[in-house]
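Asks: The chain contents come next:
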Amino acid sequence: MGSGVWSTDVYDAADRYRRSTGRSAFAYSDSGARTVHPQLDPRGAVRESRDSAEHPESISIAVLFDVTGSMRDVPRVLQTKLPKLLGLLLRKSYARDPQIMFGAIGDATCDRVPLQIGQFESDNRMDDDLGRIVLEGGGGGQMTESYELALYFMARHTEIDCFAKRGRRGYLFVIGDELAYDRVKAREVRNIIGDDLHEDIPLRRIVSEVRRRYDTYFLVPHGAGHAGNPKVLSFWRDLLGQNALELDDPAAVCETIALTVGLGEDAIDLDAGLADLAEVGSTVTASVSNALAPVARGGRVLSTWGLPGTLQGDDRISRL
Amino acid sequence: MTHVLVADLGFGDAGKGTVVDWLCATGVQGRPVAAVVRYNGGGQAGHSVVLPDGREHVFAQFGSGTLRGVHTHLSRFMVVDPLALAVEADHLATLGVRDPFRLLTVDGDALLATPYHRAANQAREIARGAHRHGSCGKGVGETVAYSLAHPADAPRVSDARTPAVLGDKLRLLRQRLEEELGPLGGPPVDATVRAFAAFGSRVTIVSPGFLGHLLGVGPVVFEGAQGVLLDEWHGFHPYTTWSTTTFANAETLLAEAGYAGTATRLGVLRIVTTRHGAGPLVTEDPSLPFVDPHNPTNRWQGRFRFGHFDAVAHRYALEVAGGVDGIALTHLDLAGPALRFCEAYDWTDRIVPGRRGDLARQELLTRRLLRTTPRYAGPPVDWPQAVSRALRVPVVVTSHGPTATDKQVLRPNWAARVRRAAAA
Chain S
25 MGSGVWSTDV YDAADRYRRS TGRSAFAYSD SGARTVHPQL DPRGAVRESR
75 DSAEHPESIS IAVLFDVTGS MRDVPRVLQT KLPKLLGLLL RKSYARDPQI
125 MFGAIGDATC DRVPLQIGQF ESDNRMDDDL GRIVLEGGGG GQMTESYELA
175 LYFMARHTEI DCFAKRGRRG YLFVIGDELA YDRVKAREVR NIIGDDLHED
225 IPLRRIVSEV RRRYDTYFLV PHGAGHAGNP KVLSFWRDLL GQNALELDDP
275 AAVCETIALT VGLGEDAIDL DAGLADLAEV GSTVTASVSN ALAPVARGGR
325 VLSTWGLPGT LQGDDRISRL
Chain F
7 MTHVLVADLG FGDAGKGTVV DWLCATGVQG RPVAAVVRYN GGGQAGHSVV
57 LPDGREHVFA QFGSGTLRGV HTHLSRFMVV DPLALAVEAD HLATLGVRDP
107 FRLLTVDGDA LLATPYHRAA NQAREIARGA HRHGSCGKGV GETVAYSLAH
157 PADAPRVSDA RTPAVLGDKL RLLRQRLEEE LGPLGGPPVD ATVRAFAAFG
207 SRVTIVSPGF LGHLLGVGPV VFEGAQGVLL DEWHGFHPYT TWSTTTFANA
257 ETLLAEAGYA GTATRLGVLR IVTTRHGAGP LVTEDPSLPF VDPHNPTNRW
307 QGRFRFGHFD AVAHRYALEV AGGVDGIALT HLDLAGPALR FCEAYDWTDR
357 IVPGRRGDLA RQELLTRRLL RTTPRYAGPP VDWPQAVSRA LRVPVVVTSH
407 GPTATDKQVL RPNWAARVRR AAAA
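In the order they appear, the protein sequences are chains S and F. Following the numbering used here, the numbering of the first sequence begins with 25 at its first residue and continues without gaps. Following the numbering used here, the numbering of the second sequence begins with 7 at its first residue and continues without gaps.
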């Protein structure tokens with residue numbers, strides 16, 4: 025009579041059955057599609073994360089990742105790992121009513137699908153969005169992708185009740201290995217999102233705008249093309265301070281995000297979170313620990329996170 | 007063609023996994039094993055298999071022949087836990103089993119263990135405090151109990167194909183359990199339905215007739231869970247399981263398929279009598295220098311307990327199970343001067359089986375066993391001979407280590423002995 029070594033979790037099990045089909049999770053992309061899936065088209069779209077009777081205290085979590093060629097196989101690794109995120113958050117009660125959205129970032133100057141944005145979902149339906157993401161494999165040669173366009177969408181085209189009703193910021197995780205362009209170009213916004221924007225917006229301004237509503241993190245996974253380049257990390261540190269993190273192992277992305285949310289929601293401290301990971305048999309504890317150690321060292325998480333490296337103007341935001 | 011029924015004649019953990027793996031690796035009477043059938047218990051089983059190349063898996067619902075590529079069939083007597091099954095399949099995939107679900111069929115009538123059963127089970131064990139029954143905390147007993155109280159409303163594997171029906175059953179189940187036990191927590195019903203529906207669309211659900219086809223293809227190994235001494239009727243009540251752990255279910259399945267009397271019965275015993283959880287273990291000896299890496303102390307069962315070989319208890323198991331044709335004796339590598347052999351208790355050398363269903367008598371027996379002192383002979387020189395003599399059944403195979411290559415066949419023609427009269 026054994027002791028039941030196999031864990032039992034409805035969210036986790038649903039993910040596993042879904043993934044066990046043997047079909048590539050990037051089915052849409054692998055089928056040869058080279059245009060944005062209608063469900064992920066940012067044009068004229070608003071993405072909402074609303075409270076409901078079942079989820080009265082929604083907390084919005086957006087995960088956008090770079091799908092250009094420099095990321096090599098990292099997007100596929102992320103795709104296989106990200107479906108675990110909801111289960112991780114719920115199992116350990118890191119967040120009560122998480123609503124998760126996935127999206128993908130390319131390069132607006134040369135890619136056909138520079139921005140793909142899913143819906144916020146409270147159950148595993150957002151996994152379907154992952155399957156609809158087109159992998160670009162393109163990107164320019166200049167170590168720059170259109171992250172700023174994604175930030176613009178998050179700042180101006182999402183409505184999140186956690187912030188609007190309760191003043192709690194959501195979480196935005198951008199996973200990539202390159203720099204952003206220095207401004208949001210009005211022409212690209214018109215073409216891709218459809219807003220009638222007449223002048224470009226400087227990168228810093230859109231960063232500060234999005235950070236009003238989202239605790240924003242940039243994760244640089246090892247194994248991506250420019251991950252070892254110190255310029256990338258320092259570029260994002262300059263914009264986001266400690267919220268620019270290095271990730272030794274892209275397979276650790278879910279655990280890193282889940283723990284970050286758990287810390288932000290004050291549900292755990294880093295040691296307790298790492299102990300949780302060890303308990304579920306995670307093999308990536310060391311990677312997560314490395315990634316989050318600088319953040320945890322900053323003292324009480326809520327008061328120090330969110331402070332940008334350079335304090336200027338309306339960048340002075342701290343989480344209350 | 008001979009089928010093989012495997013059951014544990016102790017309290018579980020005797021090595022059914024390694025015996026089934028060995029059968030699947032070597033075949034039965036020169037023929038490859040067609041399938042492993044689970045005929046009792048549920049996802050609480052923990053049957054360890056180690057391959058010679060070091061790969062290792064603890065089988066809970068998949069049959070212990072899976073690493074040999076042998077098909078698993080979960081019969082209607084099995085309590086199926088779709089959530090744990092998904093995790094187990096993933097682990098098998100990491101060991102190199104390509105698409106483990108391809109190797110699995112499940113009878114649509116089998117009961118489903120749900121998170122609400124599990125929560126109820128744990129709530130009850132917590133309420134029992136120090137008087138825990140040694141339940142695994144997985145909700146298997148709760149699942150069976152509910153199905154007996156509400157047969158028509160019990161969630162079954164085939165319901166995974168009709169989410170609306172499943173949802174109604176789960177809501178009713180949760181409501182009834184909460185009326186009895188208070189708030190249980192657990193995931194929202196909709197989330198459970200989605201997970202179970204994913205299970206339903208992924209695994210092959212079959213009707214009862216399917217087993218007949220398997221039995222025609224080649225030798226089938228029936229893999230029992232737990233141990234005869236934990237049997238719901240013949241075990242030492244209340245320290246028992248909600249499952250028939252004798253050969254009865256396997257014989258029923260054979261008879262229904264028209265294959266009654268075509269199986270040889272293999273009883274598995276280890277030379278150290280062990281028990282995980284509370285209840286009588288007459289020969290328990292905390293000074294025995296053993297540990298079991300697969301049975302860590304857990305919250306629900308507590309410590310893994312070791313005792314000397316208890317021939318009286320195993321004789322009783324043999325008797326209530328209706329006898330076996332051969333014994334697979336395991337863990338011979340643990341033999342040594344510390345390990346003794348209990349031939350008799352201070353009051354008897356035979357526990358007389360009671361009438362099936364007389365739990366009051368079983369409870370009296372339990373109380374007596376808790377006060378019983380064992381009488382020991384010294385450590386046997388020849389373990390297989392000592393066990394054969396004490397139980398009057400031949401030891402046909404011995405296990406001296408974790409892998410199939412550590413098995414020694416003592417009776418090459420062991421599978422030829424077939425019990426003609428199908429006991430039920």
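I should point out that these hints are in silico values taken from the structure, not numbers from a laboratory. Check the hints yourself; a few may be wrong.
Among chain F residues calculated to face chain S with C-beta under 10 Å, some are [said to hold, decoys possible]:
no.: 1; residue: Pro88
no.: 2; residue: Leu101
no.: 3; residue: Gly102
no.: 4; residue: Asp174
no.: 5; residue: Arg177
no.: 6; residue: Gly192
no.: 7; residue: Pro194
no.: 8; residue: Ala197
no.: 9; residue: Val199
no.: 10; residue: Phe202
no.: 11; residue: Leu294
Here are the simulated distance ranges between beta carbons [to be verified]:
no.: 12; chain 1: S; residue 1: His222; chain 2: F; residue 2: Pro169; range: 48 to 54 Å
no.: 13; chain 1: F; residue 1: Ser207; chain 2: S; residue 2: Arg236; range: 39 to 45 Å
no.: 14; chain 1: S; residue 1: Ala69; chain 2: F; residue 2: Ala170; range: 51 to 57 Å
Which residues of chain S face chain F? A partial, calculated answer using Cβ under 10 Å [claimed, not checked]:
no.: 15; residue: Asp33
no.: 16; residue: Ala38
no.: 17; residue: Arg40
no.: 18; residue: Ser44
no.: 19; residue: His61
no.: 20; residue: Asp65
no.: 21; residue: Leu221
no.: 22; residue: Ile225
Beta carbons are placed, not taken as given, at the ideal position from N, Cα and C, and that holds for glycine.
Asks: Indicate, hint by hint, whether the structure satisfies it.
Replies: To see whether the hints hold, each was checked on the structure:
1. Pro88: holds (6 Å)
2. Leu101: The hint is violated - F:Leu101 has no Cβ within 10 Å of chain S, the shortest such distance being about 14 Å.
3. Gly102: violated (15 Å)
4. Asp174: Hint violated; F:Asp174 Cβ to chain S Cβ min 17 Å, cut 10 Å.
5. Arg177: Violated. Min distance 14 Å.
6. Gly192: holds (9 Å)
7. Pro194: holds (7 Å)
8. Ala197: Nearest chain S Cβ about 5 Å off; hint holds.
9. Val199: holds (9 Å)
10. Phe202: Constraint on F:Phe202 satisfied, holds at 8 Å.
11. Leu294: violated (19 Å)
12. S:His222 with F:Pro169: 48 to 54 Å: holds (51 Å)
13. F:Ser207 with S:Arg236: 39 to 45 Å: The hint (39 to 45 Å, Cβ to Cβ) holds, given that F:Ser207 and S:Arg236 are roughly 43 Å apart.
14. S:Ala69 with F:Ala170: 51 to 57 Å: violated (32 Å)
15. Asp33: Check passed: Cβ of S:Asp33 comes within 6 Å of chain F, closer than 10 Å.
16. Ala38: At about 4 Å, which falls below the 10 Å cut-off, the nearest Cβ of chain F leaves the hint on S:Ala38 intact, so it holds.
17. Arg40: holds (4 Å)
18. Ser44: holds (6 Å)
19. His61: violated (22 Å)
20. Asp65: violated (26 Å)
21. Leu221: Status violated, d = 40 Å.
22. Ile225: Result: violated, 40 Å to nearest chain F Cβ.
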